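A.B. asks: What follows is the residue order along each chain.
Protein chains: 2
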Amino acid sequence: MADPVSRWLEKFAKALAKPDLGATADLFGDECYWRDLVAFTWTIKTFEGRDGIKAMLAATLAGAKPGTFTPLGQPVTENGVTEAWFAFETAAGRGTGHLRLRDGRCWTMLTTLQELKGFEEKAGRARERGLAHGVVPGRLTWFEQRQEDSAELGYERQPYVLIVGGGQGGLALAARLKRLGVPALVLEKNERAGDSWRKRYRSLVLHDPVWYDHMPYLQFPDHWPVFTPKDKMGDWLEMYARVMELDLWTSAKCLKAAYDESAEEWAVQVNRGGQLVELRPKQLVLATGMSGFASIPEIPGADLFAGRIVHSSQFDGGEAWRGKHCVVLGANNSAHDIAADLWEQGAEEVTMVQRSPTVVVTSDALMEHAWGRLYSESALEAGIATEIADLTVASVPFRLLPAFQKPVYEAIRKRDAALYEGLEKAGFQFHFGEDGSGIHATYLRRGAGYYIDVGASQLVVDGRIKLKSPAEIERIAEQTVLLSDGAVLPADLIVYATGYGSMNEWAAQLISPEVAARVGKCWGLGSETKYDPGPWVGELRNMWKPTQQPGLWFMGGNLMQARHYSLYLALQLKARYEGLATPVYFVDPVHLA
Amino acid sequence: MADPVSRWLEKFAKALAKPDLGATADLFGDECYWRDLVAFTWTIKTFEGRDGIKAMLAATLAGAKPGTFTPLGQPVTENGVTEAWFAFETAAGRGTGHLRLRDGRCWTMLTTLQELKGFEEKAGRARERGLAHGVVPGRLTWFEQRQEDSAELGYERQPYVLIVGGGQGGLALAARLKRLGVPALVLEKNERAGDSWRKRYRSLVLHDPVWYDHMPYLQFPDHWPVFTPKDKMGDWLEMYARVMELDLWTSAKCLKAAYDESAEEWAVQVNRGGQLVELRPKQLVLATGMSGFASIPEIPGADLFAGRIVHSSQFDGGEAWRGKHCVVLGANNSAHDIAADLWEQGAEEVTMVQRSPTVVVTSDALMEHAWGRLYSESALEAGIATEIADLTVASVPFRLLPAFQKPVYEAIRKRDAALYEGLEKAGFQFHFGEDGSGIHATYLRRGAGYYIDVGASQLVVDGRIKLKSPAEIERIAEQTVLLSDGAVLPADLIVYATGYGSMNEWAAQLISPEVAARVGKCWGLGSETKYDPGPWVGELRNMWKPTQQPGLWFMGGNLMQARHYSLYLALQLKARYEGLATPVYFVDPVHLA
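As given, the protein sequences belong to chains A and B, one line each in that order. Using my numbering, read the first sequence as starting at 4 and increasing by one per residue. Using my numbering, read the second sequence as starting at 4 and increasing by one per residue.
Misleading hints may appear alongside valid ones.
[To be verified] With a straight-line Cα cutoff of 16 Å, these simulated EDC-like cross-link-like pairs (lysine to aspartate or glutamate) come out:
hint, chain 1, residue 1, chain 2, residue 2
1, B, Lys125, A, Asp225
2, B, Lys181, A, Asp225
3, A, Lys202, B, Glu380
4, B, Lys125, A, Glu380
5, B, Lys202, A, Asp438
6, A, Lys256, A, Asp198
7, A, Lys181, B, Asp225
8, A, Lys181, A, Asp250
9, A, Lys409, A, Asp438
10, A, Lys125, B, Glu380
11, A, Lys125, B, Asp225
These are computed hints drawn from the structure, not numbers from a lab. Predicted model only: the values in this text are computed from it and were never measured.
Starting from the given sequences, assemble the full structure and let the hints guide the process.
C.D. replies: Here's what the structure looks like:
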């Protein structure tokens, strides 16, 4: 019991057991954070300062009954901060925690629910046998049972959870629910699982590296390329749905959903390959994609344009535009990928119209300075399995993220000085976020605003992709666009790489504007930076946790988030399915900005 | 350098380096074995005794140039035998070895080739990026490239290796060749990859447990059932072919193959979905299944039978035989599964006709006493990864296998005494092989002759599956079968669960009887037990190694063998593809018994 972490945990456990909230709070430093992922609060919430922590504990301790705090592994001390993992239990489940101590007191704490007692996943030693030993007259084979279950689900038998959207978010959640024994059904509007990737623009390749992108339970084999091409990702997701035995309807479009207050369930109208079906799930999860609801600007004269106007989500490759004049509005990931594809395919002229500054970082720099420590071969060799990497990321309170990230971007700026100089000369507006906190923070604040450079920046530097910046398209004519700087560009193609709206626009469309307004916007931290107005929330709004609308949940984000947060959403749904008490400590206030 | 393994390896390396064959041989005990998997001999061969080892070294040392023998991990000593792993290199590649020392001398040695220098698989840190950084005008996307490659292969471009059969053997080999960059094409006669499993009898579930059954590179997720149902296995293989990007033609039947001596390549006629295609591969691999060529007995009167006669491979489920009289000829795995299925589905009478003794072991006993040590959750927790388990199995020379296995079966006999007593009372003939060496040895000797009990034995004990033993079907009449004991049974269905012929019958059919005769039988050790006549070969004949026919290879066996031996066959093919010297020390003599 000599080490500071064991000593701290012992005092902490004693104080909680009494309970003595004053003594508990005294264990935390003047600056302190406690991030809870469903373990104490049945939601996802970060508490800042001793008072916030005390208030949370006052409300949750009686229900959570936390105990058996046990150090895991060896603490690591660096720059006066001691980091350590620990296990703990609550009345309902088992959890993993992370601790940062400074001067003997807690600076940051993470508590995560990992499994529900009595409802553990059947894996490893607990896996099913796959056959009943002995012989049972009239039993169905696995295949017959799967066929029967699939035929009944949604007709004779209702799914407890309906997941709208069969991308990585929907499938990751469905896989976890499957292993937890919660009847769930995924609606995928396209013909095949994975089509949400396949149908993106031709040249799309994941910008996050493979170590970051594993789905739950089934990792890519070790020859998988660092950056997965979109169609390969589509194939992987299609396979995933199949071998994980997910219940998935393809060509199934969710038309309308209404919450039946008295029955406490949803009435959901679905067009399944031309057949209308009404589903009655208790829980409705919108996994329709962070990048699902296209933002389309209204530009005067667009209706007069003789060429083609497409949103980036509809762009299907540069081949058709050989020898043509192309204007790409926007300067983030999609804009760069599409502009590069158009140039590669031999467009006569490609002009990027940049409206506001972009965070630009090369993929190599991110591997070296940002991802690499947690998601790489080196990390794996150092014993940092994917789950540990995910929890490590989760252990940094969002308030501290800028301070953690700034040195990374200072190093990156030096590393790629030549590129940044070139961009500057080319007139490209770049930054590392208003406060220099880089891509990760920008992604959490706005879900957009960056380019992970895989080569297109050099095309901008070299002038092969032409640039207008800062500029807007003011007006569109039959064969030209007029920019805010007065330039007139000939145009056969205009691509709106203008991003996506908030996920709650899906709620407005599928449910009602009233419910969308009751729930408020999704995503964003309230960082009071541009595009992410306050007040400070300290977590992504409405994501993977209870919302103001009973039975409505949002699932979204990149592959890492799909993998990691699907666990917490799945556990919340499982607890409700089993009728466990799930007192939610706090629901985000509505935010409509 | 204090430990005996390091000391031994040092002396061994010195003696080889001189080379001093006498000194090398002196390091081996009076009883000694050296099993080489492709590292020294470019074949798979066990050498017994000092003279055999000396002769092998005399012939191979100059080419193999072995060196840098390095102990791996800690040696383990038990009952006077010290076991240890080691790494080594040859001129061509890197290998893993295993050593058993007794009284300071080598009792058994295993040397395996793991990779070819300069041709390592692109995995982990060496994986591909998935995109060329920078932009390349006119480049194809991953999907376009895959489509183009698939369209060309077999037409504009010939596969170097043609694999006939898309079961686990063909796919495992194809996956390894893909990672090694050897152009290979798999022909699958069925509509979908995995159909070779799906089309087996309805109730089939793998009798080997999940830990034994992983494919290379991509393990089942950890909720996968212990015993995989056949259709689920089919889905996994179909997915595997897809995500491993194997080049696979479905509905593609190999009609005829002939070796063109002058061109040193095969001319192979293929019916691909109705279209005739001639392929010209350099190497032809028959992966048509150990259980692929049905053995059908000729029984007088069969042509007069009014009911249905099917071979077990054609049996499609007991449902149609409710209320009917069924006779199953045979008493091994398929016979038991099919008899149990018929009984479960409500057949009026199911009679098993047992011709000769069967090795019967319960699946639970095998887990506990045989598989469990190497293939189980406990093994994984003890750090025995699948590859280590496979190499451990490979480290036991086949000559020693009975001695290693007998105590296991003595324990199993005690464990399941009640079952064996019941079988004895029911008149069922069982044994543990002629010499008590159990299932594994029986499988290697004959590829048949056993039942891994998952419940049907109790049906035999209880008389619900009726038994005639020992007995033969002597004659079939319109509605009855006449047995050798004089009994006449009414019959609507007769199932020939009579097993399969040798894989070289495929060579006879697809190539020519002459080539089949030149190659000789496949499988079997020459153990001089029933069904496995001598002379002793000490390895499975013709499997995964050069045969008497240039360019002809056999790939087969259970999932474990498909996984493990596909490596050595793939390396042999890769070496030839790259034009490396591959002096084959020894080719099995032809065996036609």
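A.B. asks: Now tell me, hint by hint, if it's right for this structure.
C.D. replies: Quick rundown of the hints versus the structure:
Between lysine 125(B) and aspartate 225(A) the CA atoms are separated by roughly 9 Å; this keeps the pair inside 16 Å, and the hint holds. For the given pair, lysine 181(B) sits about 13 Å from aspartate 225(A) by alpha-carbon distance, which is consistent with the 16 Å threshold. Between the alpha carbons of lysine 202(A) and glutamate 380(B) the distance comes to roughly 41 Å, so the proposed pair goes past 16 Å and is violated. A C-alpha spacing of about 13 Å is found between lysine 125(B) and glutamate 380(A), which places the hinted pair at or below 16 Å, so the restraint holds.
Distance check on the hinted pair: lysine 202(B) and aspartate 438(A) sit about 62 Å apart at the alpha-carbon level, beyond 16 Å; violated. Under the criterion of a C-alpha separation no larger than 16 Å, the hint pairing lysine 256(A) with aspartate 198(A) is consistent with the structure, at around 14 Å. With a C-alpha separation of about 13 Å, the suggested pair lysine 181(A) and aspartate 225(B) falls inside the 16 Å cut-off, and the hint holds. Distance check on the hinted pair: lysine 181(A) and aspartate 250(A) sit about 9 Å apart at the alpha-carbon level, within 16 Å; holds.
Only pairs whose Cα atoms come within 16 Å are accepted, and lysine 409(A) paired with aspartate 438(A) is accepted, the gap being roughly 8 Å. Distance restraint check for lysine 125(A) and glutamate 380(B): the Cα-Cα separation of roughly 13 Å lies within the 16 Å cut-off, and the hinted pair is therefore satisfied. Pair hint lysine 125(A) plus aspartate 225(B) holds up; C-alpha atoms about 9 Å apart against a cutoff of 16 Å.
The structure fails to meet hints 3, 5 from the earlier list, while all remaining hints are met.
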